[in-house]
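Spelled out, the chains give:
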Amino acid sequence: MNMHTQPQRTPAETALIDAFGDRLSLLPGDGAVMLKRDDAIEAIKHGLPTRRVESWHYTDLRRLLNAVPDFDPAANAKAIAPIVDGSTVVSILNGKSDAKVPVIEGVTFQPLSEKLIDGSIAPGLDPYGSDDAIGALNTAFVADGYFVDIADGTELEKPIELQNLQAGGQTHVRLPVRVGTGAKAVIVERQTGDGAVLGSSVSQLVLGEGAEVTWLIVQEQPETATHLAQFKAHLGKNSKLTVFFMNAGGKLVRQEIVVRTTGEGADFKLRGINLLAGDTHTDVTMVLDHAVPHTTSTEVIRNVVTGKARGAFQGRINVHQYAQKTNAKMACNTLLLSDDGEFSTKPELEIFADDVVCGHGATVTEIDHDHLFYLMARGVDEKTARGLLVKAFVAEVIEELDDEAIVEALEARLDGWFVTHG
Amino acid sequence: MLEIRNLHARIVDDGTEIIRGLNLTVKAGEVAAIMGPNGSGKSTLSYILAGREDYEVTEGDILYNGQSILEMDPAERATSGIFLAFQYPMEIPGVATMEFLKVAMNEQRKARGEEPLKIPEFLKRVKEAATSLSMDMAMLKRPLNVGFSGGEKKRAEILQMKLLEPKLCVLDETDSGLDIDALKIVSDGVNALRSPDRAFLVITHYQRLLEHIVPDSVHVLYRGQVIKSGDKSLALDLEANGYAGVIGEAA
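Residue numbers (the working numbering), protein chains in the order written: chain A, 544 to 965; chain B, 34 to 284.
Okay, chain A solo, but in the shape it has when bound:
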C-alpha cells in the first residue's frame, strides 16, 4: 500500500504509465536494461515536471503535455534525401532502425536494439538528474536507434545524416555516437515526420582526444508533434565540438543540450536558431559543465518569433572549482515580430573557479527601421525587405559554420521555412 499522497495523475501521465505496462513485453533489453526501465517509469510515476522545477520553469510539461498518442505499429516512414548532397544516410523509420545500413570505412553502425538486448548500453541509460524527464521517458520506452562508432583517426569527407523520421504514434530512439581519437566528422541529426507524434530522442556523443565534430540538429516536425530531445556530449582532451541546431517546427518542443568538457583544451561552440510560428512552444535548455582547466565555449542563439509562438532559452554554464582559465561567452538575441509572441531567456553562470572569463548577453529587438529604410530606398518593397532582414538575422549564425555545402544546405532549409511562414 502506498501511503504517500500524490497529486492526481494527469491523463498524459496515466497514458504513459499504462503504455509502459502494455509495451513491456515488446521492449528489448537484458535484465540490466529492464531494471533501468523500471527505475525510469518510477520517476515518471512521481509526476512530470512542473514549472516549480527550476530547469522546467518555462515548460510546465505536466500542464503542456496533454496528448499521448498510442503506439502505432502500422505507421510507416520512408527515408528522405539528406540536406547535404552525398551524405551517408542512416534512417530510423518511425522508431525502428532501417534494415539497410551503409558501409563506410572506419565507421560502424549498429542497431541500438542489439545493444539493448545484450545489455551493453545499460550504463548509458541513467538519467542525468532527478529532473531529467526526457532521459527517464526515453529510457523507459527506447526500443531502437543506432550506435555509431567512428574509429580513431578516421576523417570523414561527407557528412553522416542520422534521420529520425516519425509517421505516427510514439517513437523513442537513442543515438549513441563515439568519435575516436583524432577523428573528424560532420553529423546531421534530422528530426522530422508527419502526424501528431510524441517522440523522445536522446543523442549521446563521446569525443576522443583531438576529435573534431560538427553536429547539426535540424528539427522540422509538423506543428502537431511533441518533440522531446536531448543531446549529451563529453569532450575529451583538445577535442572540438560545434553543435548547431535549427528548430523550425513542432507543437511542443524541448531540446536539451548537456555538455561536459572532460579533457583540457576542449572547445565547445553552440550555435542555434529557433524559428517559431503558430501556436507553438519551444524550449532550448543548455547545461554546460566546464569541468577541467583550459577549456573554452561560446554560445550564440538567434530567435525569430511570429504568431502566438512562445519560446525559451535557458543557458546554464557551470565552471567547476578546478576549471581555471575557462573562457565562456553566451549570447541570445531575439527578433520579436508579433505582439502575441514571446521569448524568455535565462542565462545562468555558476562559477567556482577564480581565474576565468565568462559573459553573457541577451537582446530582444524588432526589425531595425534604419535597415528597413535603406533596403526600401533601393526599391525593395516592405514585405520583401522585412523578409531579407529577418533571414539575415538568423543567416549570420549559419554563415559562421564556414563550410559552403553545409551553409547552403541550411540556408535552403531556412528559405523553406520563410516560404511557408514569411
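Calculated from the structure, these hints are not laboratory results.
The reader is advised that the hints may include incorrect statements.
What the hints assert, rightly or not - The calculated lysine-lysine pairs, modelled on DSSO-like cross-linking and capped at a C-alpha distance of 27 Å, are:
hint, chain 1, residue 1, chain 2, residue 2
1, B, Lys217, B, Lys186
2, B, Lys143, B, Lys195
3, A, Lys926, B, Lys135
4, A, Lys780, A, Lys639
5, A, Lys926, B, Lys186
6, B, Lys195, B, Lys265
7, B, Lys135, B, Lys151
8, B, Lys174, B, Lys135
9, A, Lys926, B, Lys174
10, A, Lys812, B, Lys60
11, B, Lys135, B, Lys60
12, B, Lys200, B, Lys217
13, A, Lys926, B, Lys151
14, B, Lys195, A, Lys926
15, A, Lys926, B, Lys200
16, A, Lys621, A, Lys701
17, B, Lys174, B, Lys160
18, B, Lys160, B, Lys200
19, B, Lys195, B, Lys217
20, A, Lys851, A, Lys926
21, B, Lys200, B, Lys157
22, B, Lys265, B, Lys60
23, A, Lys794, A, Lys639
24, B, Lys143, A, Lys926
25, B, Lys217, B, Lys151
26, A, Lys701, B, Lys174
27, B, Lys217, B, Lys265
Go by the hints and put chain B onto chain A.
Just chain B now, with coordinates in the frame of chain A:
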C-alpha cells in the same frame, strides 16, 4: 523633373521643424548643387525626398514629373526612379551585397513590368560597374557595407546608382570621407551618368566636389529655406567668402 513647393517638414519624434518653406526646381538633365552650413537641413531634405518616416511634411508639396510623391513609400519612390546616395550608408550584417543588388535590381524591374535579369547578365553588369569604380569584386561577396571603409561605402552607393539607373539622383555629401583619388573615381562615375533625361541633386559642404561634378545651378540652404540660387560661380564665391555674407544678405 523635381519641383519642391513651399515645403515644411518636422521631425516626427519631437516636432522640431527643420524645413521651413523650401522652394526648389530641378529640370531634367540639370545638376543642382545644394550647399549650406551644418544644420541647415541638407540631409533632412535628402531623407524627405527618399521618404524616410522619421520626418513629416506639414505643408507644401514635392512634385516629381508633375506628380506628388508625398503618399509614396520609399520603395515606390525608388522604383519610380528616385535614388538617394546615403551620407552614411547602413551596414546590414547577414545580407550579402550581391544578393541585395540582385533583389533590388529585379524588384525595380518587376515594378516596371520587366523580366528579372538572368544571372550571367546580372553578373556582367555588376562586374562592369565595379570595374569602372575600381572596386574589387571580392568586396561584394561580403555582407552589405559591413567592414567597408568610408570610401568603399561611398563607392558602393555609386555602384548601386549605376546599376539601378535612376532618373533623379540625390547625393548626400558623397564627398565626405573620400580621399582625392577616390573623389575623382566617384565623380567620374557620377559624370558618366549625366544625361538629358536624368537630374542630380548634389548636396555638399564644400566646393571641392563641384570641381569634379560641375553643377548647372547652386542653391544655398539655410534654416530650412533656399536663401540664394545662382550658377557655379556662387559656389566659388561661398568658398572664398564663407556663408556669412550670403546669410547676411538674406536676413
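Checked hints:
Restraint check: the Cα-Cα separation between Lys217 (chain B) and Lys186 (chain B) comes to about 15 Å, which is no more than 27 Å; the hinted pair holds. For the given pair, Lys143 (chain B) sits about 18 Å from Lys195 (chain B) by alpha-carbon distance, which is consistent with the 27 Å threshold. Of the pairs offered as hints, the one joining Lys926 (chain A) and Lys135 (chain B) holds, with about 16 Å between alpha carbons and a cut-off of 27 Å not exceeded. A distance of roughly 34 Å separates the Cα atoms of Lys780 (chain A) and Lys639 (chain A); the hinted pair therefore is violated under the 27 Å criterion.
This hinted pair checks out: Lys926 (chain A) and Lys186 (chain B) have alpha carbons roughly 25 Å apart, not beyond 27 Å. Distance restraint check for Lys195 (chain B) and Lys265 (chain B): the Cα-Cα separation of roughly 25 Å lies within the 27 Å cut-off, and the hinted pair is therefore satisfied. With a C-alpha separation of about 10 Å, the suggested pair Lys135 (chain B) and Lys151 (chain B) falls inside the 27 Å cut-off, and the hint holds. Note on Lys174 (chain B) and Lys135 (chain B): the hinted pairing holds, with a Cα-Cα distance of about 12 Å set against a maximum of 27 Å.
About 24 Å separates the Cα atoms of Lys926 (chain A) and Lys174 (chain B), which keeps this hinted pair within 27 Å; it holds. Only pairs whose Cα atoms come within 27 Å are accepted, and Lys812 (chain A) paired with Lys60 (chain B) is rejected, the gap being roughly 58 Å. For the suggested pair Lys135 (chain B) and Lys60 (chain B), the alpha carbons sit about 30 Å apart, so the restraint of at most 27 Å is broken. The suggested pairing of Lys200 (chain B) with Lys217 (chain B) holds, with an alpha-carbon distance near 22 Å, which does not exceed 27 Å.
At most 27 Å may separate the alpha-carbon atoms for a hinted pair to count; Lys926 (chain A) and Lys151 (chain B) meet this at roughly 23 Å. With a CA separation close to 25 Å, the supplied pair Lys195 (chain B) and Lys926 (chain A) stays within the 27 Å bound. A distance of roughly 25 Å separates the Cα atoms of Lys926 (chain A) and Lys200 (chain B); the hinted pair therefore holds under the 27 Å criterion. For the hint pairing Lys621 (chain A) with Lys701 (chain A), the CA-to-CA distance comes to about 22 Å; that is within 27 Å, so the pair holds.
This hinted pair checks out: Lys174 (chain B) and Lys160 (chain B) have alpha carbons roughly 12 Å apart, not beyond 27 Å. For a cut-off of 27 Å, the pair hint linking Lys160 (chain B) to Lys200 (chain B) stands: about 22 Å separates their Cα positions. Restraint check for Lys195 (chain B) and Lys217 (chain B): the C-alpha separation of about 16 Å stays at or below 27 Å, so the hint holds. Restraint check for Lys851 (chain A) and Lys926 (chain A): satisfied, since their Cα atoms lie roughly 20 Å apart, inside the 27 Å limit.
A hinted pair counts as satisfied when its Cα atoms are at most 27 Å apart, and Lys200 (chain B) with Lys157 (chain B) qualifies at roughly 22 Å. Among the hinted pairs, Lys265 (chain B) with Lys60 (chain B) is consistent with the structure: their alpha-carbon atoms are about 16 Å apart, no more than 27 Å. A hinted pair counts as satisfied when its Cα atoms are at most 27 Å apart, and Lys794 (chain A) with Lys639 (chain A) qualifies at roughly 23 Å. The hinted pair formed by Lys143 (chain B) and Lys926 (chain A) meets the criterion: a straight-line CA distance of about 15 Å does not exceed 27 Å.
Proposed proximity of Lys217 (chain B) and Lys151 (chain B) is contradicted: the alpha carbons are some 32 Å apart, above 27 Å. Taken as a hint, the Lys701 (chain A) and Lys174 (chain B) pair is honoured in the structure, with Cα atoms around 26 Å apart against an allowance of 27 Å. Using a Cα cut-off of 27 Å, the hinted pair Lys217 (chain B) and Lys265 (chain B) holds, with the two alpha carbons roughly 19 Å apart.
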